[in-house]
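Respectively, the protein sequence lines represent chains A and B.
Here the first sequence is numbered in our numbering, starting from 1 and rising by one per residue.
Here the second sequence is numbered in our numbering, starting from 1 and rising by one per residue.
If you're looking for bench data, these hints aren't it; they were derived computationally from the structure.
Please note: incorrect hints may appear among the correct ones.
Since the list gives no way to pick out one identical chain from another, each pair is judged satisfied if it fits inside one copy or across any two copies.
Claimed, not checked - With a cut-off of at most 30 Å between alpha-carbon atoms, the simulated DSSO-like pairs for lysine-lysine come out as follows: (1) K226 - K76; (2) K141 - K118; (3) K226 - K2; (4) K85 - K253; (5) K229 - K38.
Protein chains: 2
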Amino acid sequence: MKICILGSGNVAHHIGKALLKAGHNIVQVYSRNKVTSKAVAKRCKANAIVDIQELITNADLYLLTVSDDAIEKVSKSIPFSLSQKQMIAHTAGSVSIEVLSSTGEHYGSFYPLQTFSKSRRLSFNKIPMCIHGSDDYIAKKMTSLAKTISSDVRQIDDETRKEIHLSAVLACNFVTHLIAESEVILADAGVDKSILAPLIQETIFKTISQGASEAQTGPARRGDNKVIKSHLEMLSDRPAIQKLYKQLSSSIKTLHDRQ
Amino acid sequence: MKICILGSGNVAHHIGKALLKAGHNIVQVYSRNKVTSKAVAKRCKANAIVDIQELITNADLYLLTVSDDAIEKVSKSIPFSLSQKQMIAHTAGSVSIEVLSSTGEHYGSFYPLQTFSKSRRLSFNKIPMCIHGSDDYIAKKMTSLAKTISSDVRQIDDETRKEIHLSAVLACNFVTHLIAESEVILADAGVDKSILAPLIQETIFKTISQGASEAQTGPARRGDNKVIKSHLEMLSDRPAIQKLYKQLSSSIKTLHDRQ
């Protein structure tokens, strides 16, 4: 497939490489940022353009990897209308495909459920690809495209994709943050954060293999109020984290009482 | 070493096996629960006892794996005083070794920084073992003992161990809970929780290799208020989780503004 990538962030960096590796032709990478557009373009053997007026008119797919807020604006700045056979899609979790409806007939989403950083190597093969299209034509085409880079391709509509994205924020962004706060506590205690690595790994292995509810341990799960009280006292000079500790402990209790 | 284990929960289950495998002699496993004491005793080729009066008087070490709240009470119910060469230790994160001070001269902690479930196989070798003793004698003896089951043995005093335990609650128990809540969201959306596995794994690999602060992504980190607002609306019928979402997002912002 002949593809133009719009955007040059973490998603473009990884998805461009995966599409190239799968044999697709990445023709152009567009971004107003010259440095990053060049870097991503080099990575997927494409041309870098910084002016959207230079976008070629005959790509099969225009893939928007820009930030959620920019999707609609960038798509509307494309200086031509897409033809009957052309497609446009975005890679965002929480944006309806309808923001692309004015650009042409076939629009959709091509959402990889993963956290991307440029410095991390990633194999796309196991990444769930969530596909949604404005019609059967694009849904089929995007499904075939997704299958060339991943073995886990799913039809997920706008509303469900948003729920998945919300769950991903909890299970990825908020998890990372709790570990960041635990690293602050360790640093203040003069302990290297590496001490937590085996615990964190086992926590995740257990959570994935047993399900999180079954894998839950700790003072809140056991109702060990003495430990909870002692931890809250230790956090007395960090009121924000103390509040989080209280709320998460009470939330654990609520979830397990419910079950 | 000749060891009596008091308690028959998850920690006894794993630590007993590890000590046996390292060549130690687990003589008895004491617990008022006949079923679990028998199960743990069988696992580490020991005798199960349900009456503390039957505790042998000549073990080198009495290892308390009971719940935090029970440590002091169980230690005080030992029907004899420990001799000059005998030792007693607990495996708890947040309990001072001083609760054991009345039982004999040498008391300490033998704290494995890990989450234990009976149904999970675990290799002890990489588990950080935190050792603290009332004097050099027990500190040295417990260090040698810990080295027979783990390659990561550390001298960690009461206060530091409590900070480590607090950080572990954040990085393990609270992480598990956030994943549990994300699984609830997925279940309500009709999506199998397995869709999150690659994301969760990559989150953790990235967090461990880069440090959590560096690995942070997501709407709160980017300041993407439109997505945050949309997620909060989606959580309007789950006020507790909505409150958590708000607080965690604001906490991410605060931590990154501070750095």
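Right, here's what the structure says about each hint:
| no. | hint | in the structure |
| --- | --- | --- |
| 1 | K226 - K76 | between (59 Å within a copy, 19 Å between copies) |
| 2 | K141 - K118 | within (28 Å within a copy, 48 Å between copies) |
| 3 | K226 - K2 | neither (63 Å within a copy, 32 Å between copies) |
| 4 | K85 - K253 | neither (54 Å within a copy, 43 Å between copies) |
| 5 | K229 - K38 | neither (54 Å within a copy, 34 Å between copies) |
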